[in-house]
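Colleague: Read off the chains here:
There are 2 protein chains.
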Amino acid sequence: MAGKSKRDAMNLSRLVQDSSVSRWDDDVDTLVLGFGCAGGCAAIEAARGGARVLVVERSSAPGGSSALSGGVIYCGGGTAIQRACGFDDSVEAMRAYLMASTGDCPNAEKIDLYCRDSVAHFDWLVSLGIPFKASYWPHNYEPTTDDCLYYSGSEECAPFNRLAKPAPRGHTVQAEGSCMGGRLLMETLVDVALREGVEVMTDANCIALVAGRDGAIVGAAVRHDGETRYIRARGGVVIATGGFVMNREMVARLAPAASRTAPLGNPFDNGSGIVLGEAAGGATANMHAAIYSCPVLNPPGLIRGILLNERGQRFVPEDVNHKRIGEHAVLRQDGRIFLLVDSEIFEQPAGVRPIVATGDTPEELEDELGWPRGSIGATLAVYNRHADEGHDPLFGKKAKFVKPLTAPPYAVFDCGIEATGVYYSFTLGGLCTAPTGEVLNAEGRAIPGLYAVGRAATGLSAQSGGSSGLQLAEGTYFGRLAGRAIAAALKSEAA
Amino acid sequence: MAGKSKRDAMNLSRLVQDSSVSRWDDDVDTLVLGFGCAGGCAAIEAARGGARVLVVERSSAPGGSSALSGGVIYCGGGTAIQRACGFDDSVEAMRAYLMASTGDCPNAEKIDLYCRDSVAHFDWLVSLGIPFKASYWPHNYEPTTDDCLYYSGSEECAPFNRLAKPAPRGHTVQAEGSCMGGRLLMETLVDVALREGVEVMTDANCIALVAGRDGAIVGAAVRHDGETRYIRARGGVVIATGGFVMNREMVARLAPAASRTAPLGNPFDNGSGIVLGEAAGGATANMHAAIYSCPVLNPPGLIRGILLNERGQRFVPEDVNHKRIGEHAVLRQDGRIFLLVDSEIFEQPAGVRPIVATGDTPEELEDELGWPRGSIGATLAVYNRHADEGHDPLFGKKAKFVKPLTAPPYAVFDCGIEATGVYYSFTLGGLCTAPTGEVLNAEGRAIPGLYAVGRAATGLSAQSGGSSGLQLAEGTYFGRLAGRAIAAALKSEAA
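Chains as they are written, first to last, in my numbering: chain Y, 1153 to 1647; chain A, 1153 to 1647.
Hints in this document: simulated from the structure, not taken from any laboratory.
Don't take every hint at face value.
Each pair of labels, with its calculated beta carbon distance range [said to hold, decoys possible]: (1) Y:Gly1329 <-> A:Val1504: 57 to 63 Å; (2) A:Asn1536 <-> Y:Ala1414: 47 to 53 Å; (3) A:Arg1537 <-> Y:Thr1558: 20 to 26 Å; (4) A:Ile1507 <-> Y:Glu1244: 33 to 39 Å; (5) A:Ser1172 <-> Y:Gly1329: 57 to 63 Å; (6) A:Ser1330 <-> Y:Pro1560: 45 to 51 Å; (7) Y:Thr1513 <-> A:Glu1261: 46 to 52 Å; (8) A:Glu1515 <-> Y:Val1278: 53 to 59 Å; (9) Y:Asp1179 <-> A:Glu1379: 40 to 46 Å; (10) Y:Thr1297 <-> A:Arg1537: 47 to 53 Å; (11) Y:Glu1541 <-> A:Pro1451: 51 to 57 Å.
C-beta: ideal position from N, C-alpha, C; glycine also.
This is chain Y alone, in the form it adopts within the complex (with noise of 0.2 Å):
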């Protein structure tokens, strides 16, 4: 039986008619795959609203990458924290700034209602229980203790601080341990969601959606425990699997630059959602962006020093987040990166970063490392004439990480890829959805039942998201719209 079953589910296709389902085994009013923070919300707000609700999880437990994430959530404009801290934001100013660093096509609509929203989505975050400490953390990077607040992205940082009123907008779930807030906030969500009567069936993987005659989505097929299960979902199905960076034949077709990088995420953000969409016939958008983490300046004193790439020259000013430092250097720089410091600000960094010269002028760096001589002279004579004035008007580092480097010896330091081994990637391209989560065809009109959340879609962070935070904020309140709308449209249904 098992045997035929296994059999059964190697040759169906991704999106099966309903006509060729003979029995039932589940019926539901929403399916939920993936067990995640955008799963979740969707499940809870799915819940409230009345309907009967079914989330299945790849894995053994719930909790998908959200759960492995540090629990940073991006909201601002406002919030009760940022207020608590002293700090003044507005939905204009987080609007600016999204706009301005999601990429070349940021996605509008997204960004704007969640701007909108944001400060209210905070507050519901605290209403199911969700700890945030009252306190600012002044680094940019995440916190090592429990407070809560920082600068997640580069909102001070050039050219954003001149084209957004800079605030922090990290807010970090208080919890034990460094980078624990992700698995809190997987906890309470799960603590949640099963007080609201959501089901769990974990072990679970889907293989195909079933369509009506239509096209709409009316349920979906489930291996679990040896056996392929058909759940009919009435109110519709939400795909909530995350993201494809653990596939690495699609990352190398689709994001090819990501493929030399190593994967961030769980075993499971394999794309299997993604392409169940698009059997269904969602389009996809921005599958080649990812997010590229290469966090090379650690411990903060050595911003204080000058990245280089492989011609000496300086290409980004070594305050932004790592996140922007590590697009640049993977897409720009050809993963090829240095970091020059003297003798008054020489530390150790953390993890390996390979000293490859050192001397006590720049022509004996440049002789060492095979470099023409003039390449790294030029770039520190220039860094060095504007940081006796105290400011770096090339890039824009802040004041307080400019001096001069005047004191030999100087050492450089390998930061790229090969060398460190601290480049990671995850994926940001998914389906094409409307806020709603619905997912979209090419002519943008939504597939009927057929929803997709968090990284399983296309969203804040359309192909540049160089801010902490923005995959569990989109993720939770994007999660809770499908949620909702499906809710209403099974109340409508049903009046």
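Place chain A on chain Y using the hints.
Modeller: For chain A alone, kept in the frame of chain Y given last:
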């Protein structure tokens, strides 16, 4: 009647089941969608293999974007013309260059195959009567005479000249008038196709593929003369409809960087065939990728100047192909680049390149541009220091273009996207195919009866394609392979 048919067309899904086709209006062995160079060559080889072939073309005449091109075909490994002009080339050198110059994840299988067959393929083109003159054009831009062979890429330039032995591989069809080679190429292909019995239906638009019960493609629905005609194709359907650069919604969604540049192609490069192939289960690859053309260094004496980004830094050896300059300018320099010349090499560039600064010293230029002191000065000092010795060790510009820029006054031209209006792009992504053109699904399995060739498929220039002539090369070559594969399959079926 026509009204009803039009409604039918509007409501028709892109993939219909043959069980719903009540009547076949025509019955052929092979249906080819699109008569550019790829569709034309597929048709010719299929017809020569004994198949009855129908090509449906959306325009009022065959030609496609191939006919609008300059007629450059990238061939190498020792063609008759290369040998006649005294160039020594090898399959291995050609392969090494294409592997290094076509992106992070080059298509090794297709590159390997094409390099091995390139000489024979060139001979085949000649055998059709396509004229090539055995002459060398000693510039890195398309011949403005009827000359043939030239360096159509960056083979001679850094870093490629260190990675592969250079040879010119751009073979230009001999035609009267500048850039008329593409038209002559297509006229010849049409003549040959008609001679071989290929039928052509113009003003005909494929709106859906027809699938058999097993998912194999067995025909298509074609709009022609106000009616929807169902055409059976027992040997399969070949998608040869070109790329999607004219579909600006699709570009914004999937290749957003290209949305900043003007589209290059014919109006029907709208992605229609790619979308049809996806509806039939085909996977896509490299949908973000595009060719960026920006011929800003014209006349070529301007190559002796230096290109700067808006930090006053150089970023490429100025002697590389304009497509490589374009790619760097758009993807790495935000489309903002400048050209610095001194009085000795000053000449008026072709086209609009506003002079944005003049001065006797770098400082005067910096002040006029509002750039930090030292930004241009440092770059110029390093360049001149090495140019004095006749070389460019930092970027590797060839010695013949290197001269110290030491004759004031200086001028800076704005060569960016906004200022010049000469940045054009076309898309490289498309359906995943085997070298035979068989369209592959996400698991890499062929969809029976479905082929894609030319720019509707992903090919030789995976994510980057800095050499002119690659599009016609792969269109003609892989078009042929698809036609031969179909003919062979029909024969083996008949046997």
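Colleague: Are the hints correct? Go through all of them and say.
Modeller: Consistency of the hints with the structure:
no., hint, in the structure
1, Y:Gly1329 <-> A:Val1504: 57 to 63 Å, "holds (60 Å)"
2, A:Asn1536 <-> Y:Ala1414: 47 to 53 Å, "violated (42 Å)"
3, A:Arg1537 <-> Y:Thr1558: 20 to 26 Å, "holds (22 Å)"
4, A:Ile1507 <-> Y:Glu1244: 33 to 39 Å, "holds (38 Å)"
5, A:Ser1172 <-> Y:Gly1329: 57 to 63 Å, "holds (60 Å)"
6, A:Ser1330 <-> Y:Pro1560: 45 to 51 Å, "violated (58 Å)"
7, Y:Thr1513 <-> A:Glu1261: 46 to 52 Å, "holds (50 Å)"
8, A:Glu1515 <-> Y:Val1278: 53 to 59 Å, "holds (56 Å)"
9, Y:Asp1179 <-> A:Glu1379: 40 to 46 Å, "holds (44 Å)"
10, Y:Thr1297 <-> A:Arg1537: 47 to 53 Å, "holds (50 Å)"
11, Y:Glu1541 <-> A:Pro1451: 51 to 57 Å, "violated (42 Å)"
In this structure, the hints that do not hold are numbers 2, 6, 11, in rising order.
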